Amino acid sequence: MLFNTFEFVVFLFVGWSVYRFLQRWRWPRLLWLLVISYFFYGCWKPWYLLLIAASTLNSYLFGFLIDRAEGRRRKLWMALSVTADLLLLGVFKYGNFLLGNIELALMMGFDAGPLPRLPTALPVGISFYTFQTISYTVDLYWKRIPRARNLLEFSTFVAFFPQLVAGPIVRAKTFLPQLEGQPEQDPKAIGAGVFLILSGLAKKMVLADTLYVLVVRPFFEHATTHNALETIGVLWAANFQVYCDFSGYSDVAIGAALLFGLHLPRNFDRPFWSQTPMEHWRRWHISLSTWLRDYLYIPLGGSKAGGGRVSLNLVITFLLGGLWHGAGWTFVVWGFWNGLLLVAWRKWGPGPGKTLWGKAWRIFATYNALCFGLIFLHARSFGDAWTVILSLGNVLEPFQGAFGWFGLLVLSLAIALHATPQRWKATLKQAFAIAPAWALGLAVVITGATLSLFAGFASPFFYFQF
Amino acid sequence: MSPGDPSTAVTRRGLAVMAWVVLISLLTSVLVEQRGLRWVQGVVWPSDLYTFQQVERGPIDIAVLGSSRAAFGVVPTSLDRCLAQELGRPTRTVNLARAFTTAYAADLLDEALLSGPRQPKMLVLVIEAETFDEHNPHLSNNVATIAGLADVPEALGTVHDLGTLFAVPQPVARGPETLALYLSGRWDTKPWLRWLMLHHGGGLFCTGSDPCRDHNKALEASLKSWWTTVATNLLPQLGPQRFPDYQAGDGPVYRHAERLLARAEEQGVQVVLMELPRMPVFERGIPPQVEPAYRATLARLLERHPLPHHPASTEVWAGQRSFYLDAEHLTSSGAHRATKELCKQTIAPLMRAADAADLGE
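As you go down the protein sequences, you meet chains A and B in turn. Position 251 of the first sequence, counted from 1, bears residue number 251 in our numbering, the numbering being contiguous throughout. Position 123 of the second sequence, counted from 1, bears residue number 123 in our numbering, the numbering being contiguous throughout.
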């Protein structure tokens, strides 16, 4: 069930109404939230529910053992739980990738035949909820959080539908206490939630989908030599497409959670205003960046290690971050590029600018360096990626029409919206929060009708594949 | 819960917003239906039902209903030409075929579009196994896009899975969407569909002029990739994709077929059931249990309503690759031939007999 469908609207209406009816009774309320979350997830494929249930049970049951143990035994339980989670992720996400690579190695070395493949497609959201359960286990091991009080609360934390399939990745520390108490009772949250849902859908359907269908997909589907300027334009469009798609999804998730009186963390903070790649990763997919920082980078030694070890930590973190995004070598190279960029910038790059011009060129340089990495995220093969890289040098190549006027218009709109002062958005959100019910109803209908005009461009959320 | 309770205030506000959304959508949908805009989306279906509904004032001799195969396979101008030769008088045929049309959709379309002055003398219902499938994967699409507001209660009977469940309330919300399509001019993005409906009785091909020849060629060229797409994507998965749980003869879809035929009998409209040929490779991909169930349903229907039945020429056409756009849709040459066969073998004799009966009276 996608957010940008009529089904989701009906689901949200029914789910919310019953939830509000049950809000005074904690157990029925949580049970209902779990039921609708599992229903939401089961709509993709019912057997996915087995995976999420397995991941939930694994972390919950090991949580008991970790909580009661100390010393090496505590560490052992934590390691076993995390290993089981990673095994689940490994089999379903990386199994065929691994088999493919083993097959290639065997063919080259021993002239062996093809290996069988796992008959499974990547279950949506597995990367997100696995990271969520791992964070719970590790936080519990580090004694940063108390053990979940019961399985119902914990299952709801793992499966809460707005963030289940594409984040934000929620931490038990901030979310479990919300489930333990009454949901927030602020009438203004309804309007604010509606605003976030509508603006998120508009970002996704008007900007991201249009850019993808008109510009990005045709370009990367048939990667041929293009003019350099045209190629840069497409990379800009690709960057904004991913941003609008994913931040749009996050906005809908945060807005939907708000309707249920629950708060999800902010996932994007105008990342393209970043003056350095380090700043970019603090503003982009914040819940993943902080997860990688807390559970990978810092345990590796973080920045305290000093010298070459910091660089190595950064590269390892981003390599694995790249692999988290997809089971393919292009993703690994994308992660590697971003790791290298961070290392290089830390060593030789300038710090934050002070003048307007100083800030502007840093933002421009950071943005374009990140765009370059996107080639590997979108390219279907290294051959295609190389063709695109070569195109960046083709200054004299004639334009091939990768950009129509409409694509250019949508990209300009996306850039303009990104440049809009935050307070404008806050003012609009506040206006929705206090607007009369009829005005909100009208806004929903008009926005829904307008967005339906873009249904022809509809494509699944980009981050579902991760 | 007391009125001063903050949780009551939140619930009230949320319910009020939802009530307004439903009310505004409903009012817009009523307005859209009353202003005759309900079929605006027809352009993308791919018959321009909006233009038909706005312009057509009858009289209509023959109307064609069916799925996309009927939109490609029956050429109104070709049929009229043939009938002019056979009967010595002009006729007027319209093709209102629409993608994924089941008997359920055919009944609703007939009731909404082919009544009053637009009531045809003859209705050609292009059928196939999918027409009677109670679990047709596209049934939810039929409900969501064809059912009007008044059809919503009855549409509940079609619910058998989540898709159809979520489709039932869609007519309530379709008004704003339709209005947006109309106001933005998006319904008119394929003017050739309007041209076909205005001047050639709809369908997807036409005949009798140079613009028609050019159009037919251009359309076929634009759909050249279909062959490969169907061969690689559909044919290996034909069973699961088209007939995941085939069930025919007992359910709302069959009841709508009955209702359509009963209404036609009552109004004196002659119904002809027509089948179009498909490539043997397609037929082979259909799960074995489908054909007997379909034939049994058809036999039951024909037993209750003795109707002329024009069978498909699948075996006769086997090996005629040039007649097929893909494994199930016809090219213009295939469509002309199928239409000619329909004319000579079934429709012309029926109309001749009707003409003779009229003269006798």
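Source of the hints: derived by calculation from the structure; they are not laboratory data. Here the structure is a predicted model, which means the values were calculated and not measured. All C-beta atoms, glycine included, are put in the ideal place defined by N, C-alpha and C. Heads up, some of the hints might be wrong.
Quick partial rundown of chain A residues pointing at chain B, CB under 8 Å, derived from the structure [as the list claims (entries may be wrong)]:
{"hint": "1", "residue": "Ile190"}
{"hint": "2", "residue": "Leu259"}
{"hint": "3", "residue": "Trp438"}
Distance condition first, Cα-Cα at most 20 Å in a straight line; then the derived EDC-like pairs of lysine to aspartate or glutamate [what the hints assert, rightly or not]:
{"hint": "4", "chain 1": "A", "residue 1": "Lys354", "chain 2": "A", "residue 2": "Glu279"}
{"hint": "5", "chain 1": "B", "residue 1": "Lys224", "chain 2": "A", "residue 2": "Glu221"}
{"hint": "6", "chain 1": "A", "residue 1": "Lys359", "chain 2": "A", "residue 2": "Asp269"}
{"hint": "7", "chain 1": "A", "residue 1": "Lys188", "chain 2": "B", "residue 2": "Asp161"}
{"hint": "8", "chain 1": "A", "residue 1": "Lys143", "chain 2": "A", "residue 2": "Glu230"}
{"hint": "9", "chain 1": "A", "residue 1": "Lys45", "chain 2": "B", "residue 2": "Asp214"}
{"hint": "10", "chain 1": "A", "residue 1": "Lys347", "chain 2": "A", "residue 2": "Glu279"}
{"hint": "11", "chain 1": "A", "residue 1": "Lys45", "chain 2": "B", "residue 2": "Asp5"}
Would the stated hint for Leu259 (chain A) survive a check requiring a Cβ distance to chain B of less than 8 Å?
7 Å, holds
Would you check the hint for Lys143 (chain A) and Glu230 (chain A), treating anything up to 20 Å between C-alpha atoms as holding?
53 Å, violated
Holds or violated: Lys224 (chain B) with Glu221 (chain A), Cα cutoff 20 Å?
The hint holds at about 19 Å.
Mind checking the alpha carbons of Lys45 (chain A) and Asp5 (chain B) for me, to see if they're no more than 20 Å apart?
40 Å, violated
Restraint check for Lys359 (chain A) with Asp269 (chain A), where alpha carbons must lie at most 20 Å apart
17 Å, holds
Hinted pair, alpha-carbon criterion (20 Å max): Lys188 (chain A), Asp161 (chain B). Please report holds or violated.
Outside the cut-off at roughly 36 Å; violated.
Lys45 (chain A) and Asp214 (chain B): Cα distance at most 20 Å?
46 Å, violated
Within 20 Å, alpha carbon to alpha carbon, are Lys354 (chain A) and Glu279 (chain A)?
Status holds; Cα separation ~15 Å.
Interface hint compliance - Ile190 (chain A) to chain B, C-beta minimum distance less than 8 Å
5 Å, holds
Less than 8 Å between beta-carbons is the criterion; does Trp438 (chain A) satisfy it with respect to chain B?
At about 5 Å, which falls below the 8 Å cut-off, the nearest Cβ of chain B leaves the hint on Trp438 (chain A) intact, so it holds.
Straight-line Cα separation of Lys347 (chain A) and Glu279 (chain A) no greater than 20 Å?
15 Å, holds
When each numbered hint is compared with the structure, violations occur for hints 7, 8, 9 and 11.
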